[in-house]
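Work the whole structure out from these sequences, hints included.
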Amino acid sequence: MNEIQIEAYGKVNISLDVIGKRKDNYHEIETIMQQIDLKDVLIIRDRENGVKIECNNPLVPLDSSNLVHKAFKVLSEKCHIKRGAHIIIEKNIPVAAGLAGGSTNAAATLKGLNKLWNLNLTEAELMDIGVHIGADVPFCIMGGTALAKGIGEKLEKLDSFKDHMLLLANPGIEVTSSHVYSVFDVENIKNRPQTDTLLKAIQKNDIYTVSKNMVNVLEQVTCSEYKEIEKIKEDMLSCGALGSLMSGSGPTVFGFFDDEDKLYNCKKILEKRIEKVFIARTI
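Following the working numbering, the numbering of the sequence shown begins with 1 at its first residue and continues without gaps.
For the record, the hints were derived by calculation from the structure and aren't laboratory data. Note that the structure is predicted; figures quoted are calculated from it, not measured. Heads up, the beta-carbon is just placed ideally off N, CA and C, and yes, glycines get one too. Any given hint could turn out to be false.
Okay, derived cross-link-like pairs now, PhoX-like style, lysine-lysine, Cα gap no bigger than 25 Å in a straight line [said to hold, decoys possible]:
#	residue 1	residue 2
1	39	70
2	52	23
3	52	149
4	39	52
5	91	149
6	227	157
7	23	39
8	212	227
Quick list of simulated restraints, FRET-style, between CB atoms [as the list claims (entries may be wrong)]:
#	residue 1	residue 2	range
9	45	212	45 to 55 Å
10	45	238	40 to 50 Å
11	77	24	43 to 53 Å
12	209	48	51 to 61 Å
13	151	259	33 to 43 Å
14	23	177	14 to 24 Å
15	275	23	49 to 59 Å
16	275	120	22 to 32 Å
17	24	176	34 to 44 Å
18	183	24	14 to 24 Å
Structure (structure tokens):
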């Protein structure tokens, strides 16, 4: 085998709470993450040495700042691999969008190289490696629905919450997680998610209770700085979304729908002013 194709799925945060700030300046969080079928596709080819990255999106860095590069480096060093890789990314997930686009590419790289190099590492072993690349990488390897704690690396797999319709709207605002967390006031959180309520609703596959109880505390920062995010949420709700929330540190907003006509109507309305609007399902 000298080439492998692998899909890299995005995620949304059904809830996101910040518990406190650690001594190493990372924030302790509690979040429910859900994989969605919006995906990038990676083609990984065997190469004599070194790593070469290509991407169809000019916003994606092709150097060592790309988590794909870091994933290649960490795995090859850990497993003493002397071969190289040519990695081609077909980017469909918006960049810096709160949808784990970079993390899921790194996760796919680990999984793909594991097969290409016949390493036979288990999912758990890949997740242990992934945490050294990025906090969301272990979840992107595992997929599905999970409760994440710590910096996002302590994962508890939850009952499947798949096959629910959602609409995603990315306003094209450049938001960095580092900025959002740096100005976030952990001592002044106005509305925290009721995680237990959400966990029980997910267990019952109750989309209505989940949608009504979604909270992301980071909206305190991002919505105050970018009014468009709040406007998208309001538009989704007025179009019949069961609930709407910003994912991660933003700026992407998603809404759950139980009516396909309302979902498509909302998509048309949002597309009048927003370029990146996607229909997806939970997986």
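Each hint, compared with the structure:
Of the supplied pair hints, the one linking residue 39 and residue 70 holds, its CA atoms being roughly 20 Å apart against a limit of 25 Å. A hinted pair counts as satisfied when its Cα atoms are at most 25 Å apart, and residue 52 with residue 23 does not qualify at roughly 36 Å. The hinted pair formed by residue 52 and residue 149 fails the criterion: a straight-line CA distance of about 34 Å is larger than 25 Å. Annotation: proposed proximity of residue 39 to residue 52 holds, straight-line Cα distance about 21 Å (limit 25 Å).
At roughly 28 Å between alpha-carbon atoms, residue 91 and residue 149 are farther apart than 25 Å, so this suggested pair is violated. Simply put, residue 227 and residue 157 have alpha-carbon atoms about 34 Å apart, too far for the 25 Å limit, and the pair is violated. Between residue 23 and residue 39, the direct Cα distance comes to roughly 35 Å. Violation of the 25 Å bound is thereby established for this hinted pair. Proposed proximity of residue 212 and residue 227 is supported: the alpha carbons are some 22 Å apart, at most 25 Å.
Separated by about 47 Å at the C-beta atoms, residue 45 and residue 212 satisfy the suggested range of 45 to 55 Å. In this structure the hint that residue 45 and residue 238 lie 40 to 50 Å apart at CB holds, the actual value being about 48 Å. Judged by the Cβ atoms, the range 43 to 53 Å given for residue 77 and residue 24 is violated: they are separated by roughly 23 Å. The supplied range of 51 to 61 Å is met by residue 209 and residue 48, whose beta-carbon atoms lie about 55 Å from each other.
Look at residue 151 against residue 259: about 37 Å separates their beta carbons, and that is inside 33 to 43 Å. For residue 23 and residue 177, the hinted distance range of 14 to 24 Å is satisfied, since their beta carbons lie about 19 Å from each other. Judged by the Cβ atoms, the range 49 to 59 Å given for residue 275 and residue 23 is violated: they are separated by roughly 41 Å. Residue 275 and residue 120 have their C-beta atoms about 43 Å apart, which leaves the hinted 22 to 32 Å range violated.
Range check, residue 24 to residue 176: about 19 Å between beta-carbon atoms, so the 34 to 44 Å window is missed. A beta carbon spacing of about 19 Å between residue 183 and residue 24 agrees with the range 14 to 24 Å that was offered as a hint.
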